[in-house]
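Here the protein sequences come in this chain order: E and P. Residues in the first sequence are numbered consecutively from 84, following this note's numbering. Residues in the second sequence are numbered consecutively from 84, following this note's numbering.
Don't read these hints as lab results, they were simulated from the structure. Please note that the accuracy of each hint is not assured.
In this list, chains with the same sequence are indistinguishable; a pair is considered to hold if it fits within one copy or across any two.
[Unchecked claim] Here are the simulated SDA-like pairs of lysine to any residue, each with C-alpha atoms no more than 25 Å apart in a straight line:
id : residue 1 : residue 2
1  : Lys367    : Tyr343
2  : Lys86     : Leu416
3  : Lys163    : Glu293
4  : Lys161    : Arg130
5  : Lys161    : Arg199
6  : Lys210    : Leu340
7  : Lys335    : Leu251
8  : Lys103    : Leu354
9  : Lys335    : Asn363
10 : Lys210    : Arg338
11 : Lys163    : Thr197
12 : Lys335    : Glu217
13 : Lys222    : Gly250
14 : Lys86     : Ala274
15 : Lys367    : Trp286
16 : Lys210    : Arg185
17 : Lys210    : Lys247
18 : Lys367    : Leu354
19 : Lys367    : Pro346
20 : Lys210    : Leu180
21 : Lys163    : Ala152
22 : Lys248    : Gly107
23 : Lys163    : Thr135
24 : Lys367    : Pro357
25 : Lys161    : Leu183
26 : Lys222    : Pro341
27 : Lys335    : Pro364
28 : Lys210    : His181
There are 2 protein chains.
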Amino acid sequence: MIKTPYLLFLGDAPDQLAAKVAQGIRDWRPDNAVGQLRLPGCGADVRLPDMTLEEARAAGAETLVIGVANRGGEISQKWKAVLLEAMDLGFDLASGLHNLLRDEADLVEKARETGRALHDVRIPSVKYPIANGEPRSGKRCLAVGTDCSVGKMYTSLAVDMEMKKRGLKSSFRATGQTGILITGEGVPLDAVVADFMAGAVEWLTPPADEDHWDHIEGQGSLFHISYSGVTMALIHGGAPDALILSHEPTRKHMRGLPGYDVPTLEALRDLVLPIARIANPAVKVVGISVNTAGLGEEEALSYLAEVEARMGLPAVDPFRQGAARLADALEAL
Amino acid sequence: MIKTPYLLFLGDAPDQLAAKVAQGIRDWRPDNAVGQLRLPGCGADVRLPDMTLEEARAAGAETLVIGVANRGGEISQKWKAVLLEAMDLGFDLASGLHNLLRDEADLVEKARETGRALHDVRIPSVKYPIANGEPRSGKRCLAVGTDCSVGKMYTSLAVDMEMKKRGLKSSFRATGQTGILITGEGVPLDAVVADFMAGAVEWLTPPADEDHWDHIEGQGSLFHISYSGVTMALIHGGAPDALILSHEPTRKHMRGLPGYDVPTLEALRDLVLPIARIANPAVKVVGISVNTAGLGEEEALSYLAEVEARMGLPAVDPFRQGAARLADALEAL
Numbered sequence: 084m085i086k087t088p089y090l091l092f093l094g095d096a097p098d099q100l101a102a103k104v105a106q107g108i109r110d111w112r113p114d115n116a117v118g119q120l121r122l123p124g125c126g127a128d129v130r131l132p133d134m135t136l137e138e139a140r141a142a143g144a145e146t147l148v149i150g151v152a153n154r155g156g157e158i159s160q161k162w163k164a165v166l167l168e169a170m171d172l173g174f175d176l177a178s179g180l181h182n183l184l185r186d187e188a189d190l191v192e193k194a195r196e197t198g199r200a201l202h203d204v205r206i207p208s209v210k211y212p213i214a215n216g217e218p219r220s221g222k223r224c225l226a227v228g229t230d231c232s233v234g235k236m237y238t239s240l241a242v243d244m245e246m247k248k249r250g251l252k253s254s255f256r257a258t259g260q261t262g263i264l265i266t267g268e269g270v271p272l273d274a275v276v277a278d279f280m281a282g283a284v285e286w287l288t289p290p291a292d293e294d295h296w297d298h299i300e301g302q303g304s305l306f307h308i309s310y311s312g313v314t315m316a317l318i319h320g321g322a323p324d325a326l327i328l329s330h331e332p333t334r335k336h337m338r339g340l341p342g343y344d345v346p347t348l349e350a351l352r353d354l355v356l357p358i359a360r361i362a363n364p365a366v367k368v369v370g371i372s373v374n375t376a377g378l379g380e381e382e383a384l385s386y387l388a389e390v391e392a393r394m395g396l397p398a399v400d401p402f403r404q405g406a407a408r409l410a411d412a413l414e415a416l
Numbered sequence: 084m085i086k087t088p089y090l091l092f093l094g095d096a097p098d099q100l101a102a103k104v105a106q107g108i109r110d111w112r113p114d115n116a117v118g119q120l121r122l123p124g125c126g127a128d129v130r131l132p133d134m135t136l137e138e139a140r141a142a143g144a145e146t147l148v149i150g151v152a153n154r155g156g157e158i159s160q161k162w163k164a165v166l167l168e169a170m171d172l173g174f175d176l177a178s179g180l181h182n183l184l185r186d187e188a189d190l191v192e193k194a195r196e197t198g199r200a201l202h203d204v205r206i207p208s209v210k211y212p213i214a215n216g217e218p219r220s221g222k223r224c225l226a227v228g229t230d231c232s233v234g235k236m237y238t239s240l241a242v243d244m245e246m247k248k249r250g251l252k253s254s255f256r257a258t259g260q261t262g263i264l265i266t267g268e269g270v271p272l273d274a275v276v277a278d279f280m281a282g283a284v285e286w287l288t289p290p291a292d293e294d295h296w297d298h299i300e301g302q303g304s305l306f307h308i309s310y311s312g313v314t315m316a317l318i319h320g321g322a323p324d325a326l327i328l329s330h331e332p333t334r335k336h337m338r339g340l341p342g343y344d345v346p347t348l349e350a351l352r353d354l355v356l357p358i359a360r361i362a363n364p365a366v367k368v369v370g371i372s373v374n375t376a377g378l379g380e381e382e383a384l385s386y387l388a389e390v391e392a393r394m395g396l397p398a399v400d401p402f403r404q405g406a407a408r409l410a411d412a413l414e415a416l
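Isolated chain E, as found in the complex (with noise of 0.2 Å):
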């Protein structure tokens, strides 16, 4: 568990999309986030106080985040001093990046020194078990995409946002890296080894009270075969009561794979329901949620409006419309 409140590290930032990771807490966590540090050059702005180190200690944030991804996942050496020195002055530090905090010798050392932590959230950090598929309390949401990439991470915080706007018991359980420094904690899902996948989706989502929803952050998808294993085993390790279809229109191939189709909304309904089953006979599918950002607003709106009459089941765009129709139909499960 990394500890909150964040600063938020942009470094020297390109531009708004390198700083996604930090843009993610902002929008969904700002409670996390006291500010931003920028260096000179930085293209990125996630309207959060520009702060220094000291500044933001004094604010009372306890982890340095870098929310920034640049070129090959690398930690630049620009951004060596700032790390250093914030580890002196009582920040802990969190990273996504491919390459490791503790690969950088100089940054162990330091930690060592100063006994602050290094949070390479791409490392599972714990010993999961073997999933042992015992029912539990509490009810599970899972986001299933035709394709990986189509907006199951931002439909599973958006419906968490809006139950927790209601009042309602609901958790968002991260599988990816995003997830994890969004929310502080989480299962970074793609580097757990195989035998424990599932169990490690049960250990994320645990026995809570009868009217608590998690939602659990999706990866991959069951149609694409470099991580459909990774799908099959959230379904079976998360048992979910509910799924909502994710699907993103605009796509002519399936992701990094030119040769394969992306399927229909009917297909992934048709093969995830059986799959689903297995873990939970009562899991039902709930609605569709579709990232549209590839069309005008009037086409969006009468594609989601086709979809909706033809899979019966309410159709939205969580980023356009908002996620309350979603928690609707969960709320009505």
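Dock chain P against chain E, hints included.
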């Protein structure tokens, strides 16, 4: 890749069952073993010549394989003298035990001194790629089970042996520790990191002659919630042309999961086919292998006849009847 031939170390195995790895090597790759080495009190015998380390070296043995499982998977102190002497005499060591050769300081020191290799076959030794899903030449067959441990490995080894006997091009592709020790190579799939599972299976089953068959060792079951993600990666990474359904008719519930019923062969067929078609639209179920060890001869034969009529596919117990009819079905494809 583990150097063959082997000397099989049975240690102080209390009974025959404890030597099942050695027995597997003896049954399926007799040319891979020159003899067995037993300590006083050993209750197992795989019917190979008893040899000292020196005799086995003289007979050409390159690797001492720990062909025995003991309580807790430990590397017994009683064994250490033999293992150390073996390296002095020029043997590599190979083990599938939970406790690793590489974690024993005295073995590591001796291996360094003598330049010998320590093979812990539970641990991946290759940096596997992410699966790319590109079609490749050659044919692939995968056994999928209604549950774990229903005879998938045995089935694939038996079909491979039958095809080799007929002079056909055929390889058994090991994905678990016993299979890897039997053949000297393979992928310990349950220990591979999630993102690379399907890529490891692609790596294991590369492009081959169009009339060559890979028989991929199955793992887990789509219906076993603890390991279904591993099975999924095998199906999508292996992209099999042919599937053999494997079943054990006397099992009361899924292995280790008292709350889960074993599915029917029809349910397995109906779930696996749409999943397998994602990676290989031409995939066919070609036959059924049933482990009838729990049935008497007459009962077994009548059960197999009933399954064959019901499913419209050859149904055999490869242990009782050999795998000829399954090989016929593959040849006919």
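Consistency of the hints with the structure:
Within a single copy, Lys367 and Tyr343 get their C-alpha atoms only as close as 27 Å, which misses the 25 Å cut-off; across copies the closest is 19 Å, which meets it. For a Cα distance limit of 25 Å, the shortest separation of Lys86 from Leu416 qualifies neither inside one copy, at 35 Å, nor across copies, at 59 Å. Taking the shortest Cα distances, Lys163 and Glu293 never come within 25 Å of each other, neither inside one copy (47 Å) nor across copies (54 Å). Taking the closest pair of Cα atoms, Lys161 and Arg130 come within 25 Å of each other only inside a single copy of the chain (23 Å); across copies the shortest separation is 66 Å, beyond that limit.
For a Cα distance limit of 25 Å, the shortest separation of Lys161 from Arg199 inside one copy, 21 Å, qualifies, whereas the shortest one across copies, 44 Å, does not. Only between protomers do Lys210 and Leu340 lie at most 25 Å apart by alpha-carbon distance; the minimum there is 21 Å, versus 33 Å within a single protomer. For the identical chains of this complex, Lys335 and Leu251 are neighbours neither inside a copy (38 Å) nor across copies (41 Å), given an alpha-carbon limit of 25 Å. In this assembly of identical chains, the alpha carbons of Lys103 and Leu354 never lie at most 25 Å apart, being 32 Å within a copy and 38 Å across copies at closest.
When the C-alpha separation of Lys335 and Asn363 is checked against a cutoff of 25 Å, the pair qualifies only between copies, where the shortest distance is 20 Å, while the shortest distance within a copy is 33 Å. Taking identical chains as interchangeable, the C-alpha atoms of Lys210 and Arg338 lie at most 25 Å apart only when they sit on different chains, with a minimum of 22 Å there against 31 Å within one chain. Taking the closest pair of Cα atoms, Lys163 and Thr197 come within 25 Å of each other only inside a single copy of the chain (16 Å); across copies the shortest separation is 43 Å, beyond that limit. In this homomeric assembly, Lys335 and Glu217 come within 25 Å of each other (Cα to Cα) only across copies, at 17 Å, whereas the closest approach inside a single copy is 40 Å.
In this assembly of identical chains, the alpha carbons of Lys222 and Gly250 lie at most 25 Å apart only when taken from the same copy (16 Å versus 56 Å across copies). Taking CA atoms no more than 25 Å apart as the test, Lys86 paired with Ala274 passes inside one copy only; the shortest distance there is 22 Å, against 31 Å between copies. For a Cα distance limit of 25 Å, the shortest separation of Lys367 from Trp286 inside one copy, 23 Å, qualifies, whereas the shortest one across copies, 37 Å, does not. Proximity of Lys210 and Arg185 under a CA criterion of 25 Å is satisfied in both settings, with 18 Å inside one chain copy and 20 Å between copies.
In the homo-oligomer, the alpha carbons of Lys210 and Lys247 never lie at most 25 Å apart, since the shortest distance is 31 Å inside one protomer and 43 Å across protomers. In the homo-oligomer, the alpha carbons of Lys367 and Leu354 lie at most 25 Å apart both inside one protomer (13 Å) and across protomers (18 Å), since each shortest distance falls under that limit. In this assembly of identical chains, the alpha carbons of Lys367 and Pro346 lie at most 25 Å apart whether taken from the same copy (20 Å) or from different copies (21 Å). For the homomeric pair Lys210 and Leu180, the shortest alpha-carbon distances inside one copy (22 Å) and between copies (19 Å) are both at most 25 Å.
Taking identical chains as interchangeable, the C-alpha atoms of Lys163 and Ala152 lie at most 25 Å apart only when both belong to the same chain, with a minimum of 15 Å there against 49 Å between chains. With identical chains, the CA atoms of Lys248 and Gly107 are at most 25 Å apart within one copy only, with a shortest distance of 18 Å there and 60 Å across copies. For a Cα distance limit of 25 Å, the shortest separation of Lys163 from Thr135 inside one copy, 15 Å, qualifies, whereas the shortest one across copies, 59 Å, does not. Taking CA atoms no more than 25 Å apart as the test, Lys367 paired with Pro357 passes in both settings, with 11 Å inside one copy and 20 Å between copies.
For the homomeric pair Lys161 and Leu183, the shortest alpha-carbon distance inside one copy (16 Å) is at most 25 Å, but the shortest distance between copies (41 Å) is not. For a Cα distance limit of 25 Å, the shortest separation of Lys222 from Pro341 across copies, 22 Å, qualifies, whereas the shortest one inside one copy, 37 Å, does not. Proximity of Lys335 to Pro364 under the C-alpha cut-off of 25 Å is restricted to the inter-copy arrangement: shortest distance 19 Å between copies versus 34 Å within a copy. When the C-alpha separation of Lys210 and His181 is checked against a cutoff of 25 Å, the pair qualifies both within a copy, at 21 Å, and between copies, at 15 Å.
Hint compliance for this structure: hints 2, 3, 7, 8, 17 are broken, all remaining hints hold.
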